[in-house]
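Chain residues, written in single-letter form:
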Amino acid sequence: MSSDAYTSGRPSIIGGRVRSITPGFAVVLALSIAATAALLILALVYYLGSSSRIASDYASIASPANRALSVELARYPHIRRHGLAAAKADLMSEVKTVSSFDDQLAAITFPAAAATAADALKRTDQNLEQVIELQMRARSLRSMRSFGGRVETALASVKIQVGRIRRALGLPPSGGPLF
Amino acid sequence: MQFAESPVQEGAREVSRPDTIHRVPYPTEQELDLGYPRQQQQNAASGRKRPAIDSWMAKESKLLRGVKRRKIALILLALPAFVPLIFTLRGWLSLNEKLVLTNTEADVLGTGGELTFLLCVSITPLITLTGARWFAPLRRWYGIMFFVIGLSDSITASITGDFAGGPIGRVAGHSFLLAGLFIILLALPVVVTSNGRMQRVLGRYWKRVQGVTYVIWAMIIVHLGLLDGFKPFDGPQGDGDPVFHQRLYQILAISLPLLILRLPPVRRWVAAQRAAGQQWRVWAAMMPLFALYVLAFAFVVNEEIFTGLKIITMTPPAN
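So the protein lines, in turn, are chains A and B. Counting from 1, one number per residue, gives the positions in the first sequence under our numbering. Counting from 180, one number per residue, gives the positions in the second sequence under our numbering.
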C-alpha cells in the first residue's frame, strides 16, 4: 500500500475531533457484522453437527481397536502352537485392547439412545474380558481351547451391542472383527 | 505489502504506517535499537509518542546481560517456523519408510508453508493495529521460511509423490499442483530481493517486485480452492465438523481481516482512533473479525500438528 493512497481522501480528524463515521469505520463495521453472522452460522453448524461428531468420536476409537484385535485374533492360532506362555501373552494383549476401548468409550457422552447401548456394550465387554482372563489362567493349551465356546458367546454378545450403538449413531455395520 | 522493509529514497521513505502518515526520514536499525532519536524528535514535534512496548523492547534484558529484550523475543517468535521442517525430518531421514512422506508430507509442509505465509502477512496489520514495530523483522523471516518450506515441499513431492508423470507430473500434473508450483516460482524473486542490497539495486522497482506477494496470496487461495473445493468433505477419520477443516474457508477467514487492515480508509481510521486515544474502539469493532481469524488459524495449526505427528511417529494414514 502506498502512502499516496494512504494520505489521500478526507482527514479523519477535524478540528481536533475524530469523526465518528468514516469510510474506514464503515468498512470495518459492515465486515464485522458479516463476520458475526458467519460466526453464528458456524456455531449453529457445530451444534447441529453434534450427532455426527459423536459418531466420529466412536469411529475414531473403534478403528484402532479393530485394527489391533484383527492382528491379535489372526495370530492367536499360530502363537498357540508355540506354547502356553505365548498364547497367554496374546490373550493379555486382547484384554488390554478391549479394556482400553472401554476406557475411551466411557469418555464419550452419547445421546440417549446410544447411551443405553453404550452401557450395555461396556457390560458385555467386561464379561468378555473376564472370560478371556479365565482362559489365561488355564494350565494347559487343551484347557485353554476348552474356553473357545464361552469366548465365542461373549464375542457374539459384544457384537450385538456394537450393532445397536452403530445403528443409534447412524454408522454402518462394523467392518472390523468386533467394534 | 512486502517480505522486507521499503527502500530508502533520498533519506526519506514513503511510510504507509498508520502512525506515520506523512513522509518521514527512515529510522535506521540503529535508531530503532537506540530509541528512535530522529523519530522521537519528530514525534515530539507532531505530538505522537513511540509505543511504550517498543521502548520496553529496546532495553537490555535483565536475564541476559548485553542482549536486548527485542532480540530475545524475536528469536523466540521466529522458532515456530522450524516446526514443519522438524516434523518432516524423520520422514526424510528414514527415506520415506512406510510411505510416510508420500501420504503425509504434502499436508505437513503444505500447511506449514501456508502458516508461515499467513504469519508473514499478519505482521503489517498487527503494526497497523498496535502501532508497535518491534516485531517487524518477523515479516521478512516468515516470508523467507515460507519459501524454504514451500521449496522443500515441492522437491520432496517431486521425489516421493504418487502422481503419474514422473517428477514433473508430481509437481505439475494437476491444476492444484500447478498452482502450488507457480507459488514457489513467484516467491523466488520476492525472497531473493528481500534484502537491503537488492532494495538499493532495484530502487523504485523494488516495491513492485515485493508486491508480487499479493499475487502469491491469491495463488495460495486458488491452490487451496482447487485442492479442497467448496463442498465440505469428511471421512471416517474426520471429527464430524468438516466445514471447519475446509482449507479454502480457513484461508478466506484468515485473509479477510488482514486485507481489511490494508485498506487505506481503514488504516486512516485506525490511526485516527489511536491518535485520539480511543484504540479500544478499533479492537471492539474488529473483534468478530479477530474471532474468525483466530478460529480459522486454530484449525490450520491443528492440521499441522495432527499430520506432523503422523510423520514424527511414523504412523501415516492409509491413503
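In case anyone wonders, no lab produced these hints; they're calculated from the structure. All C-beta atoms, glycine included, are put in the ideal place defined by N, C-alpha and C. Incorrect hints may appear among the rest.
[To be verified] Only some residues are given here: those of chain A computed to face chain B with a beta carbon under 10 Å:
| no. | residue |
| --- | --- |
| 1 | Ala26 |
| 2 | Val27 |
| 3 | Val28 |
| 4 | Leu31 |
| 5 | Ile33 |
| 6 | Ala35 |
| 7 | Thr36 |
| 8 | Ala38 |
| 9 | Leu39 |
| 10 | Val45 |
| 11 | Ser52 |
| 12 | Arg53 |
| 13 | Ser56 |
| 14 | Thr109 |
| 15 | Ala112 |
| 16 | Gln161 |
[Stated by the list, open to error] Some residues of chain B that are not near chain A, with every Cβ distance over 12 Å (derived):
| no. | residue |
| --- | --- |
| 17 | Ile232 |
| 18 | Arg269 |
| 19 | Ser301 |
| 20 | Ile334 |
| 21 | Leu357 |
| 22 | Pro368 |
| 23 | Asp407 |
| 24 | Leu468 |
| 25 | Ala475 |
| 26 | Ile484 |
[Said to hold, decoys possible] Stretch by stretch, here's where chain A covers chain B in the computed footprint (C-beta under 8 Å, at least three residues):
| no. | region |
| --- | --- |
| 27 | 420-429 |
| 28 | 437-450 |
**OP:** Check each numbered hint from earlier against the structure, then list the numbers of those it violates in ascending order.
**Re:** 14, 15, 16, 24, 25
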